[in-house]
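S.K.: Here the structure of chain D is known, so what remains is to put chain G in place on it, guided by the hints.
So the protein sequences, as listed, match chains D and G. Under the working numbering, the residue at position 78 of the first sequence is numbered 78, and the numbers go up by one with no gaps. Under the working numbering, the residue at position 77 of the second sequence is numbered 77, and the numbers go up by one with no gaps.
These are computed hints drawn from the structure, not numbers from a lab. Among these hints, one or two may not hold up.
What the simulated footprint calls covered on chain D by chain G, stretch by stretch (three residues with Cβ under 8 Å from a Cβ of chain G suffice, anywhere in the stretch; the number is not a length) [claimed, not checked]:
{"#": "1", "region": "76 to 90"}
{"#": "2", "region": "104 to 116"}
Some chain D residues well away from chain G (every beta-carbon gap over 12 Å; in silico) [claimed, not checked]:
{"#": "3", "residue": "V64"}
{"#": "4", "residue": "G65"}
{"#": "5", "residue": "L72"}
{"#": "6", "residue": "F73"}
{"#": "7", "residue": "A150"}
{"#": "8", "residue": "D157"}
{"#": "9", "residue": "P165"}
{"#": "10", "residue": "I205"}
{"#": "11", "residue": "D206"}
{"#": "12", "residue": "G207"}
{"#": "13", "residue": "A208"}
{"#": "14", "residue": "F215"}
{"#": "15", "residue": "V217"}
{"#": "16", "residue": "F219"}
{"#": "17", "residue": "F274"}
{"#": "18", "residue": "L282"}
For every residue, glycine included, the Cβ atom is placed at its ideal position computed from N, Cα and C.
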Amino acid sequence: MSLTTPRRTRRRGLRRFTARDLVVLGVLLGIPILIEVFIIWGPTLASVALSFTSWDGIGDIKWVGTDNYKNLFTEYPQFWPAVRHNLMWLAFLGLVATPFGLLLAVIIDRGVRFSRFYQSTLYMPVVLSLAIVGFIAQLVFSRDQGALNAILANKDDPVDWLGDPDLNIWMVLLAAAWRHTGYVMILYLAGLKAVDQSLKEAAAIDGASARQTFFRVVFPTLRPVNIIVMVITVIEGLRAFDIVYAVNKGRNGLELLSVLVTDNIIGEASRIGFGSAIAVVLLVVSLGFVVTYLVQELRGEKNR
Amino acid sequence: MSVGIAPAPTTATAPPTDPSRRRPRAGRFGVHLFLMTVSLAFLAPLLLAVYASLRPYEETSEHGYFSWPKNLSFDYYQQAFSESGMTKYFLNTLIIAVPGVLIVLFLGSFVAFAVSRLRMRGGIVLVMVFTAGNLLPQQVIVTPLYVVFNRIDLPYWMSDSMLMFDSYWAVLAAQVGFQLGFCVFVLANFMRTLPQEIIEAAVVDGAGVWTQYWRITLPLCRPALAALGTLQFTWMYNDFLWALVFISNGDKLPVTSALNNLRGQFFTDYNLLAAGSVLVALPTIIVFLVLQRHFIAGLTLGSTKG
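So that you can see chain D by itself, here it is in the shape it has in the complex (with noise of 0.2 Å):
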């Protein structure tokens, strides 16, 4: 018996494939891999290098060096207020949003009658795409037919809350959180049915309320949630888009960097190299985030 450990994983290593298995893993490896290659990190490392050139995506590609950045940095109006938007909706989904979803699982989660159809009316939103928030946003915001005017019988003196520049972010932020709030909440209403009970009752037996229960006990055990509700918040945050350009394009207040990204593509004035460089900054951002996840999983891995 002690024998067939050592045998069997070596025959793994040397196990031998047949000429067709060869040709079934190369291609079907081959092509996923080349997808890979050619749509994400090709055209990933692509922007990284027209992030130096000031191309206009037909005439010759110039090197200008980080002249670019340069402009990004001093001189393009939008980009220190889209650089602050895109921050604030990573505040707000991370610290309204995210602990709201939380709290409403670990409710659920008690055991409440009628869960079932909590779970899915809160989660409702989520199926719609973001782009559909931000029509559903404009009735529910606009000035002069929209539903919160309407609610708060203010006829005389509308609030523009969509074409104010003050206030705009932050019903489309409000808008942002109906959808991630349900999204957080089915994680965590997972995770939360995964906890052992018995390390609730037997925290219980010691006397902890249930507040430090939760806390001390269940929250610590949630660590690999934590880990992909931060991911998920972080992603969303660098990625916001649909919902500002339903509204209005993403323009008077609703900057945010991938609409400057896109608006250097598809406007008239096709700026490659300079659009590039602001996909850079989202790019250089998220991957911040997405090494540090990786790195935990990674770990997670050896130590299984």
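M.R.: Below, chain G alone, put in the same frame as chain D:
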């Protein structure tokens, strides 16, 4: 990847009901009041959209959204279909999303199979590369793709623009490339939970790689594939950016992006916009209501997606 919420396979099959129903009576009322309020607040925008879409514009503009209805009709829906050709846009979506989902599930499951079942060396790195690819913001890759798609010639029978740009192929390629990472990640996690002995037995019986994948592993992955397929369909259906950037001919737009174009036409009439939004949202809501369990299982199975 232990991440995913360890008992993923069980959540994939078991309905997500709560095991413990022991709740003290005290505070129960408050909890329900709170949950009811939140639920209503979450539903309100959708209900408002439905209500608005059923009423003529003149009525709401005169009396406001919260007035009692005098006429309710499906006129706006009819208008959305007849005047703006929603049918065409729905078809465009299907042309992209159906092959998209099938391709992504097929390729993703094979990579996952190779990595987690054949125990290939460097498999973890491969999964990481795919996963990370799915986590990038789309705008990071959109510019070079836009340039490249504008340079790839396609025969007329494939694309009437004679280019990859402004064809379904461009959107399909972007969708598949982008979603592949997620599928690999989720399915690799799932397949790791299957007993390895099944494969070993098959190898002893002389099964080749293809048989091990297609006849033995895939059938065991059915719940995961169903969950993932549901999720992928929703995401591809909901996509907004790829079509916005890669398609210039309005007639070829999938429905989510088309609505944005139609807005110019709808803009004067919020109730028509409401009808359009409800129409576009309806399929995903129906999918959600019918396949709720799959849907949620798909998310909790791997869930690294925005």
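S.K.: Tell me the numbers of any earlier hints that the structure contravenes, in ascending order.
M.R.: 1, 7, 17 and 18
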